[in-house]
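Novice: Here are the chains, one letter per residue:
There are 2 protein chains.
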Amino acid sequence: MNKHGGYFGKDRDSAADLSANINPLGPPKGVVELIKSMAGGISMYPEIDGISARTSLEKALGTGDGSTILGNGAVELIYLFARAIRPKNVLIVQPTFNEYKRAFEMYGSNVESFLCTEENCFRPNMYALAKRVESGSHEVVVICNPNNPTGVFTEAKDFKPLLDGLAKNRGILFADESFIDYSLGESLIGNIENHDVFILRSMTKFYSLAGLRIGYGVGHRSIIEKMEKFKEPWTVNAFALEALPLMMADGEYRKKTLDFYKYEKEYMLESLSGVKGLDPVESRSNFILCRVEGNRAKGLDEHLKKRGVYIRTCEDFYGIGDGYIRVAVKKRDYTDRFISAAIEYFDQC
Amino acid sequence: MNKHGGYFGKDRDSAADLSANINPLGPPKGVVELIKSMAGGISMYPEIDGISARTSLEKALGTGDGSTILGNGAVELIYLFARAIRPKNVLIVQPTFNEYKRAFEMYGSNVESFLCTEENCFRPNMYALAKRVESGSHEVVVICNPNNPTGVFTEAKDFKPLLDGLAKNRGILFADESFIDYSLGESLIGNIENHDVFILRSMTKFYSLAGLRIGYGVGHRSIIEKMEKFKEPWTVNAFALEALPLMMADGEYRKKTLDFYKYEKEYMLESLSGVKGLDPVESRSNFILCRVEGNRAKGLDEHLKKRGVYIRTCEDFYGIGDGYIRVAVKKRDYTDRFISAAIEYFDQC
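Protein sequence lines correspond, in order, to chains A and B. Read in order, the letters of the first sequence are residues 1 to 349 in full-length UniProt numbering. Read in order, the letters of the second sequence are residues 1 to 349 in full-length UniProt numbering.
Note that these hints are calculated values from the structure, not bench results. One or more of the hints may lead you astray.
Identical chains share a label here; the pair holds if one copy fits it or two copies do between them.
[Said to hold, decoys possible] Pairs of lysine-lysine, DSS-like flavour, derived with a Cα cap of 30 Å: (1) Lys305 to Lys229; (2) Lys298 to Lys229; (3) Lys265 to Lys276; (4) Lys262 to Lys331; (5) Lys59 to Lys10; (6) Lys255 to Lys36; (7) Lys255 to Lys157; (8) Lys331 to Lys36; (9) Lys306 to Lys36; (10) Lys298 to Lys168.
Could you put the whole structure together from the sequences, leaning on the hints where they help?
Specialist: Structure (structure tokens):
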């Protein structure tokens with residue numbers, strides 16, 4: 001199971017939590033008001049398949065009827081995809097979010113890795129990836145874009161060889177775009193009509209609603225249909241179903257969020273350059289992977305914890321090891337607390 | 001997929017919905033206040049495995065550490081059990097909630113039925129059931145107690161032959177006690193230490209929180225451990241995790257609810273006796289299965305719908321057919337609207 005998704009200790013309110021990639025601006029006001037207004041009426045079952053929310057989502061995305069599926073967070077859909085498609089062979093672009101491997105193995109898939117290395121700044125060579133797919137027998141290729149925890153983003157146009165390669169084998173591209181809102185890049189959503197593509201989206205990171213559990217998938221109708229057969233009923237709670245259309249319509253919140261990240265990510269990067277033991281990897285997401293000099297991620301983490309600063313160590317990500325940490329871009333005071341504690345650590349060593 | 005869990009039409013606010021078995025008193029006040037107070041802070045991930053809520057639950061139930069597991073509604077745990085245990089052969093006491101069959105078949109189990117018949121008022125003969133288990137090779141027996149949709153309750157002491165029979169084959173008893181709070185009967189929870197028993201509980205029916213999604217399982221530690229291996233992360237939302245201990249502690253709400261049902265169920269039964277086309281089955285739950293004269297459930301349902309009254313027809317329950325409806329005990333005005341519309345229907349015929 002994934003290591004954590006936020007800090008839960010006794011000092012949780014006073015801690016500077018840079019471990020979870022949640023928008024620190026907090027949830028959209030409209031959603032908070034909605035939840036309060038719905039609280040007294042929570043007696044009713046949520047709509048069994050969330051059809052009203054899906055219809056509204058399909059309109060907002062401009063995709064056709066039956067092109068979406070909702071999840072109790074994006075994670076439900078990773079597991080649902082794995083058990084509905086049940087591919088014999090899966091290729092996962094690594095290092096990445098470790099629920100993919102667990103999900104596919106849980107349902108009997110043979111999981112191979114396409115490893116992006118430190119030497120190439122964790123950037124996937126899309127031609128090599130396409131070649132591997134063409135010569136293999138992978139029914140599914142998983143890529144997270146931007147990737148977690150590396151922050152690497154691959155442009156939509158660069159997916160062409162991979163899509164062509166997959167088409168030859170009738171394979172499916174599973175693209176996790178949970179962090180795409182931050183990337184300012186183009187989505188692969190334009191490919192769902194003509195290719196076997198499934199795109200995963202999370203509403204809870206960008207909209208700061210991780211406790212609520214809401215994500216969605218959008219894909220080729222044949223994939224969505226297969227997933228529907230295995231979908232469990234009532235998985236998305238009533239608050240999440242009602243909140244989804246509100247979020248899709250809230251352009252102001254999106255703008256405010258992107259403005260915030262623009263400045264605070266720059267600030268974090270500048271501050272990181274003042275820490276002699278840390279080396280940031282270029283990121284198109286709302287978090288930054290940092291190489292820790294001398295593989296001292298564990299020591300740094302312990303030092304930070306004592307000062308109430310929580311980060312994500314990366315030893316459980318396939319192909320990273322203990323030389324890296326991931327820090328989420330948060331409000332300036334958290335960044336400052338992290339930076340000064342990190343400087344302190346490397347000064348001591 | 002289950003037919004429905006509440007009515008979702010355009011006139012949902014003015015409709016008399018007797019289709020879903022939800023406590024009409026509405027959610028406990030403390031939980032509503034909790035949700036409102038948490039709404040602004042929903043940014044954080046729920047605890048990945050809900051360990052704080054589980055610990056509190058285990059204390060309240062008086063069961064040992066590691067004896068419980070939480071679900072995004074009770075339904076999550078039906079599917080989780082099926083994929084974690086993956087029994088070759090399952091015996092389901094029917095007619096009952098139809099997610100069991102779907103869940104086990106989804107994961108490749110061979111599902112057999114132990115059918116309780118109309119002739120025996122849908123009451124299971126526990127000796128015959130034990131005999132069937134002893135002579136068969138069922139790794140799991142599923143029984144819902146009180147049963148949905150029949151309302152039949154089997155006393156804890158009457159499970160002894162079945163438990164003995166299962167023990168011989170090292171089989172597991174899966175007892176769905178989602179409606180046991182209404183029955184005033186003894187739970188099978190006392191058996192989890194010494195038998196392979198898994199008990200399912202729903203918090204959302206009795207506590208009127210179906211939109212929130214919270215249920216739990218309690219069972220022999222070896223079963224819970226197996227389920228943990230297949231548990232998906234963050235399935236239970238943050239509101240549900242915080243609400244659970246509040247509900248367990250709210251004795252006042254429980255008393256108020258049981259008082260309400262005592263009188264309103266009696267009222268409904270008396271009123272039903274005035275409808276010449278309906279014949280209620282004795283129920284130990286908060287709903288009543290009624291035989292409809294001349295198998296006219298569908299006609300009655302259509303008549304009621306036109307008058308804004310929604311009930312549960314039962315044609316999709318295995319072994320019932322179209323001769324029955326299920327009505328939930330609700331507030332008096334709903335009961336009265338149902339009864340007078342039903343009288344009208346049978347007068348017309």
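Novice: Each hint needs a verdict: does it hold in this structure or not?
Specialist: Going through the hints against the structure:
no., hint, verdict
1, Lys305 to Lys229, "between (45 Å within a copy, 29 Å between copies)"
2, Lys298 to Lys229, "between (44 Å within a copy, 27 Å between copies)"
3, Lys265 to Lys276, "within (18 Å within a copy, 73 Å between copies)"
4, Lys262 to Lys331, "within (12 Å within a copy, 55 Å between copies)"
5, Lys59 to Lys10, "between (44 Å within a copy, 20 Å between copies)"
6, Lys255 to Lys36, "both (24 Å within a copy, 27 Å between copies)"
7, Lys255 to Lys157, "within (25 Å within a copy, 63 Å between copies)"
8, Lys331 to Lys36, "both (26 Å within a copy, 25 Å between copies)"
9, Lys306 to Lys36, "neither (36 Å within a copy, 33 Å between copies)"
10, Lys298 to Lys168, "neither (44 Å within a copy, 50 Å between copies)"
The earlier numbered hints that this structure contradicts are 9, 10.
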